[in-house]
Amino acid sequence: MSGTETMTWREYLSTDTITSGRQATAQRLYWGTRSFFSSPLAVFGLVVILLLAIMAIFAPWIATHDPLVQNLARDLEPPSAQNWLGTDEFGRDIFSRIVHGSRISLYIVMLVSVIVAPIGLVIGMTAGYFGGWTDRVLMRITDIFLSFPSLILALAFAAALGPGIENAVIAIALTAWPPIARLARAETLTTRAADYIAAARVSGAGAPRILWRHILPICIPSVVVRITLNMAGIMLTAAGLGFLGLGAQPPSPEWGAMTSAGRRFMIDSWWVVTMPGMAILIVALAFNLFGDGLRDLLDPRQSR
Amino acid sequence: MSLISISDIDLHLGAGTRSRQILDGISFDVDEGQTFGLVGESGSGKSTVLRCIAGLYRHWTGSIAVDGDTFESADRLAWCRKVQMVFQDPYGSLHPKHRISDILAEPLQIHRFGDIDRRIGEALEQVGLGGQFRYRYPHQLSGGQRQRVAIARALVLRPRILLLDEPTSALDVSIQAEILNLFKDLREELNLTYVLVSHDLAVIDHMCSAFAVMQAGKIVEVLTRDALDAGQVSAPYTRALLEASGHYDLAAPPSAQS
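Going down the list, the protein sequences come from chains A and B.
Going by this note's numbering, the letters in the first sequence line up with residues 1 to 304, in that order.
Going by this note's numbering, the letters in the second sequence line up with residues 1 to 258, in that order.
A portion of the hints provided could be inaccurate.
To be verified - If we take Cβ atoms under 10 Å as the criterion, some of the chain B residues that face chain A in the derived model are: (1) C80; (2) A150; (3) G231.
What the hints assert, rightly or not - A few chain B positions that, by computed beta-carbon distances, are all more than 12 Å from chain A: (4) L3; (5) Q21; (6) S27; (7) F28; (8) D29; (9) E41; (10) A54; (11) T61; (12) T70; (13) K184; (14) L186; (15) T224; (16) D229.
Read the hints as simulated data drawn from the structure, not as lab findings.
What you are looking at is a predicted structure, and each value in this text was computed from that prediction instead of being measured.
Cβ atoms here follow ideal geometry from the backbone N, Cα and C, with glycine treated the same way.
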């Protein structure tokens with residue numbers, strides 16, 4: 001039995017008499033993490049994403065072959081002990097290409113998310129909070145971007161800016177922010193009429209403070225969930241651009257481009273198209289499950 | 001001279017052909033230390049009057065003056081330090097993602113008050129909540145506790161006037177009397193002036209020395225409590241309202257039973 005003067009970690013994290021802001025934050029993190037880990041699907045998502053990140057960071061050590069070296073003597077080999085996931089039409093090891101491709105996929109997905117989230121939030125929250133003409137102008141601009149098929153618009157931008165991953169990222173970001181802006185606007189509209197916003201205004205809070213401290217925390221969870229759900233779509237759009245020669249350029253092992261290239265050999269050599277396709281499927285699924293778990297973690301109304 | 005002086009407030013909401021007049025020529029005065037009631041059925045505009053005084057609506061015409069300063073001429077932050085508001089629904093008036101300490105600290109940060117930690121503790125004490133509530137989230141509190149936090153937030157800037165928008169109607173009956181008595185104690189202790197909106201004549205009778213009866217955006221009649229107790233009611237609408245409150249017993253305010 002431990003003495004009464006020292007508090008165990010468990011007591012510190014579950015007691016009702018909270019004595020500091022740090023303890024309140026620790027408690028919230030602890031119970032949020034607990035509820036996150038009580039959902040096996042969310043944990044699956046997290047594990048896959050962590051594995052993907054490890055794979056991307058340590059790609060040269062994990063890969064068994066050089067992803068770019070061709071070996072025409074061993075083209076279209078089925079999965080074996082030497083080539084775990086088989087080889088493609090140039091005899092390159094598919095496993096090594098998938099491992100290195102995780103870098104490109106993560107790079108595109110992260111960069112697009114980092115660009116899209118602030119733009120969508122700022123435009124959506126501004127439109128929703130101020131209403132009137134601000135709302136009308138900003139939402140019509142959003143509608144214009146939304147009315148283009150996203151792949152076509154990305155194509156046009158990639159064609160104008162030239163092929164390459166960076167330009168693909170810009171092109172995808174330009175088409176991915178409108179849904180985020182709409183979501184942020186909808187959340188803002190429902191929050192704006194709340195009494196706690198009125199109370200903040202009666203306290204003397206100005207618009208920037210209300211947007212930053214009161215409305216943003218309400219918008220963040222749904223935007224985070226939406227973006228994780230979008231990540232699969234971002235990967236697919238990047239793949240589509242790669243297939244059309246406007247995204248990742250040929251030798252680079254981008255998963256979507258690998259799938260597109262493998263299309264021609266699908267009947268005889270199923271692994272060429274299936275393996276990168278499976279990689280996209282698993283990672284997209286993981287992002288979705290992780291997004292759902294994250295929402296529970298970010299929303300104190302649902303924890304404990 | 002009265003502390004709050006409101007004359008001829010008109011308010012329209014909506015634009016163009018859908019514009020509707022919500023308030024029509026509202027005028028009344030409230031003396032310092034008084035509790036002034038606003039009664040009426042829902043939609044009569046009584047809460048809207050409070051929102052105009054609090055500055056949540058700005059496009060009214062007429063004049064609202066507190067302590068000699070009119071709303072137009074007053075500094076916005078200085079106005080906030082004089083007039084604070086407590087809302088009807090304690091579940092909607094506290095930000096779900098802010099801790100109680102954040103909720104109470106925010107007005108102090110906006111107005112650049114020093115000594116924030118001590119002031120928060122003081123405000124919690126005033127409303128009868130202990131320090132253990134400081135680092136909780138609103139969802140960990142009961143309705144009555146939340147309303148106490150909302151009152152503490154209104155008090156933390158040391159205002160002279162508290163606008164109370166049906167502050168007990170969302171609460172359990174057992175908690176209502178507690179909160180009303182808290183308001184009474186605070187009024188004595190801090191020399192506050194209240195404008196209280198309610199549809200409950202028992203609450204008005206318990207709290208107010210005078211009140212106005214509102215219907216369709218107009219003040220029908222201003223009554224003192226003595227006049228109400230003596231049954232000296234002139235407007236037919238007030239009479240109907242009194243009768244509609246059923247077997248309400250003028251001689252027995254709720255505090256007499258509790």
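Verification of the hints:
1. C80: holds (4 Å)
2. A150: holds (7 Å)
3. G231: Violated, about 37 Å.
4. L3: Its Cβ never comes within 12 Å of chain A, the nearest being 18 Å, so this holds.
5. Q21: holds (21 Å)
6. S27: holds (23 Å)
7. F28: Per Cβ check, F28 (chain B) is outside 12 Å of chain A; nearest 20 Å; holds.
8. D29: holds (22 Å)
9. E41: holds (21 Å)
10. A54: violated (5 Å)
11. T61: holds (20 Å)
12. T70: holds (18 Å)
13. K184: Its Cβ never comes within 12 Å of chain A, the nearest being 22 Å, so this holds.
14. L186: Label holds. Min Cβ-Cβ 18 Å, cutoff 12 Å.
15. T224: Per Cβ check, T224 (chain B) is outside 12 Å of chain A; nearest 29 Å; holds.
16. D229: About 34 Å separates D229 (chain B) from the closest Cβ of chain A, which puts it past 12 Å; holds.
When the structure is compared with the earlier hints, violations turn up for hints 3, 10 and for no others.
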